[in-house]
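Asks: Here is what each chain is made of, one letter per residue.
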Amino acid sequence: MAPVFALLTRAVNRLWDAPRRFLQVFGEMLLLLFNAALWALRPPYRLSLVLQQMDFIGVGSLSIIVLVSVFTGGVFGLQSVEAFRLFQADGYVGTAVALTLAREIGPVITALMVAGRAGSAMATELGSMRISEQIDALSTLAVNPVQYLVVPRLIASTLVLPALTMVYDVCGMFGAYLFAVVVKGVDRGIFMHNVRWYTDFDDVGMGLIKALVFGLTLALVGCHQGYNASGGARGVGLATMRTVVISSVSILVIDFVLTDILITLGF
Amino acid sequence: MTVAGDALAQRSERFQIRVRGLERSFGSQQVLGGVDLDLERGRINLVIGGSGAGKSVLLKLLIGLIKPDAGQIYVDGEDIVPLDDFALNRLRPKFGMVFQYAALFDSMTVEENVMFPLLEHRRRQLSRAQIREVARAKLEALGLVGIERKFPAELSGGMRKRVGLARAIVMEPEILFYDEPTTGLDPVATKNVDEMIQEIAEKLKVTSVVISHDMASTFRIGHRVSMLYKGQIIASGSPHEVLADPPAPLREFVETSGAVTLPPARELVQR
Chain A
8 MAPVFALLTR AVNRLWDAPR RFLQVFGEML LLLFNAALWA LRPPYRLSLV
58 LQQMDFIGVG SLSIIVLVSV FTGGVFGLQS VEAFRLFQAD GYVGTAVALT
108 LAREIGPVIT ALMVAGRAGS AMATELGSMR ISEQIDALST LAVNPVQYLV
158 VPRLIASTLV LPALTMVYDV CGMFGAYLFA VVVKGVDRGI FMHNVRWYTD
208 FDDVGMGLIK ALVFGLTLAL VGCHQGYNAS GGARGVGLAT MRTVVISSVS
258 ILVIDFVLTD ILITLGF
Chain B
5 MTVAGDALAQ RSERFQIRVR GLERSFGSQQ VLGGVDLDLE RGRINLVIGG
55 SGAGKSVLLK LLIGLIKPDA GQIYVDGEDI VPLDDFALNR LRPKFGMVFQ
105 YAALFDSMTV EENVMFPLLE HRRRQLSRAQ IREVARAKLE ALGLVGIERK
155 FPAELSGGMR KRVGLARAIV MEPEILFYDE PTTGLDPVAT KNVDEMIQEI
205 AEKLKVTSVV ISHDMASTFR IGHRVSMLYK GQIIASGSPH EVLADPPAPL
255 REFVETSGAV TLPPARELVQ R
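Which chain is which? The protein sequence lines are A and B, in order.
Every number in my numbering is 7 more than the matching position in the first sequence, counting from 1.
Every number in my numbering is 4 more than the matching position in the second sequence, counting from 1.
Errors might be hidden in some of the hints.
Some chain B residues close to chain A (C-beta under 8 Å, calculated; not the full set) [said to hold, decoys possible]: (1) Phe-30; (2) Leu-69; (3) Val-85; (4) Asp-89; (5) Ala-91; (6) Pro-97; (7) Met-101; (8) Ala-107; (9) Phe-109; (10) Thr-113; (11) Glu-124; (12) Arg-128; (13) Tyr-233.
Label pairs and their in silico Cβ distance ranges [stated by the list, open to error]: (14) A:Val-260 to B:Glu-203: 55 to 63 Å; (15) A:Leu-45 to B:Arg-255: 21 to 29 Å; (16) B:Arg-15 to A:Ser-55: 53 to 61 Å; (17) A:Ile-268 to B:Ser-55: 39 to 47 Å; (18) B:Gln-14 to A:Phe-29: 18 to 26 Å; (19) A:Ala-9 to B:Thr-260: 25 to 33 Å; (20) A:Leu-219 to B:Arg-18: 56 to 64 Å; (21) B:Gly-56 to A:Leu-30: 28 to 36 Å.
Listed below are several chain A residues computed to face chain B (Cβ distance under 8 Å; list not exhaustive) [unchecked claim]: (22) Gln-59; (23) Gln-141; (24) Ala-144.
Rather than coming from a laboratory, the hints here were simulated on the basis of the structure.
All residues carry an ideal CB built from backbone N, CA and C; glycine is no exception.
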């Protein structure tokens with residue numbers, strides 16, 4: 008009987024292990040967020056560090072966002088034309104693309120791209136600083152590392168993501184216009200009219216609210232992973248990998264929950 | 005607070021840091037099991053011990069980077085254990101820390117590294133130009149000229165350590181901690197670092213706390229030596245006192261290093 012019991016215990020432990028780790032990481036991230044919020048309110052306010060991070064996350068990601076948005080918008084336009092022509096409704100391609108980009112694809116793809124580029128960079132940078140004791144050095148110099156390293160990244164990422172999302176939306180629409188109107192010959196006037204007629208500020212607003220939350224999420228994940236990295240170069244590598252995985256999954260899950268909430272609120 | 009605690013809470017002229025009953029575990033592993041330690045004001049205090057004896061943990065506790073499970077750390081009579089980060093930051097300008105691998109900020113140049121503490125804490129009193137001047141003076145005093153604009157990655161290990169020291173002393177601390185300052189250096193560089201520690205201690209009249217396992221350095225520069233063994237201090241005093249009748253682990257440590265020749269062990273004497 009005893010070996011069966013031991014086996015069962017092991018099985019239950021292993022099953023419990025994944026949710027336990029999830030809860031632990033989730034709790035740690037909430038604590039870090041709380042801590043960062045407290046330190047953000049205390050002087051000194053490091054505006055230059057926030058601007059520096061905005062430059063890195065925002066300006067640095069601009070070219071890749073433009074490139075990706077033109078192509079996703081374009082392919083979206085192409086596919087929609089094919090599908091809508093089945094119903095002789097290709098005049099509505101502009102509407103479909105505009106609504107989807109503004110409400111859904113814009114914030115999500117922007118956040119995924121920035122998580123891969125800037126979120127992982129945060130984890131690597133903070134992780135290397137942790138391993139080489141630079142974070143401890145900050146503490147001994149009476150500079151709170153959360154205030155100096157984490158707060159500017161959270162603020163910058165949260166502010167910059169909506170801006171990048173807007174860039175994405177505009178460039179995505181340009182891509183869709185290019186392929187639907189110029190290449191596939193959808194009527195230009197109907198395309199533009201339907202875009203304007205059916206897209207409200209609420210649609211764009213929904214995307215921007217999502218972008219705010221995604222920006223905070225991806226920076227929080229990257230900072231948490233980097234800040235708590237351990238175990239040398241391997242540890243930094245793991246932190247970077249986890250950042251990309253955790254933030255991508257979180258963005259998609261949060262997107263689902265947020266969409267539900269925002270639609271209920273009338274967006 | 006106990007009677008002994010009351011006495012410790014007084015500022016002592018002789019001892020700047022007094023540690024009592026310090027305990028710290030990581031998971032099920034106890035690293036420090038009740039450390040009592042006194043560190044003399046204005047002298048060079050060495051804490052020696054083998055790898056894994058808990059030296060680095062002790063150092064992190066002393067500067068408040070981690071919290072102990074039990075025990076008190078009195079700095080000038082004030083127990084720093086219950087202080088939160090905000091209160092600790094008020095005390096920290098008293099401390100300077102020289103890290104094992106210097107821990108320079110690699111995104112900043114040498115000069116910016118040394119300027120950093122002043123830019124953070126003395127911006128109201130000093131202009132940027134003045135701060136740069138102070139930083140250059142500190143670098144020059146440590147024999148570092150012409151590398152101001154270099155990045156830490158472009159420097160040798162010994163130079164990085166000296167820049168780390170310049171950054172640590174730029175705020176003129178009262179207590180300087182060194183984490184294994186001679187690890188990874190050749191014998192000549194080791195001697196240079198030792199002399200540097202002595203020079204700084206004399207010039208700035210700071211209390212130096214050096215964590216080390218380098219026995220030769222220890223007995224060359226130490227005014228007071230304490231040995232950490234299996235999470236406890238097993239010997240403490242001047243090098244002369246400690247070597248007069250060393251406990252077995254210290255004897256082995258010293259003899260294996262070959263740094264000092266000990267008198268034969270008095271094995272028959274009851275201790």
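Asks: Checking each numbered hint in turn, tell me which of them this model violates, lowest number first.
Replies: 1, 3, 5, 10, 12, 13, 15, 16, 17, 18, 19 and 22
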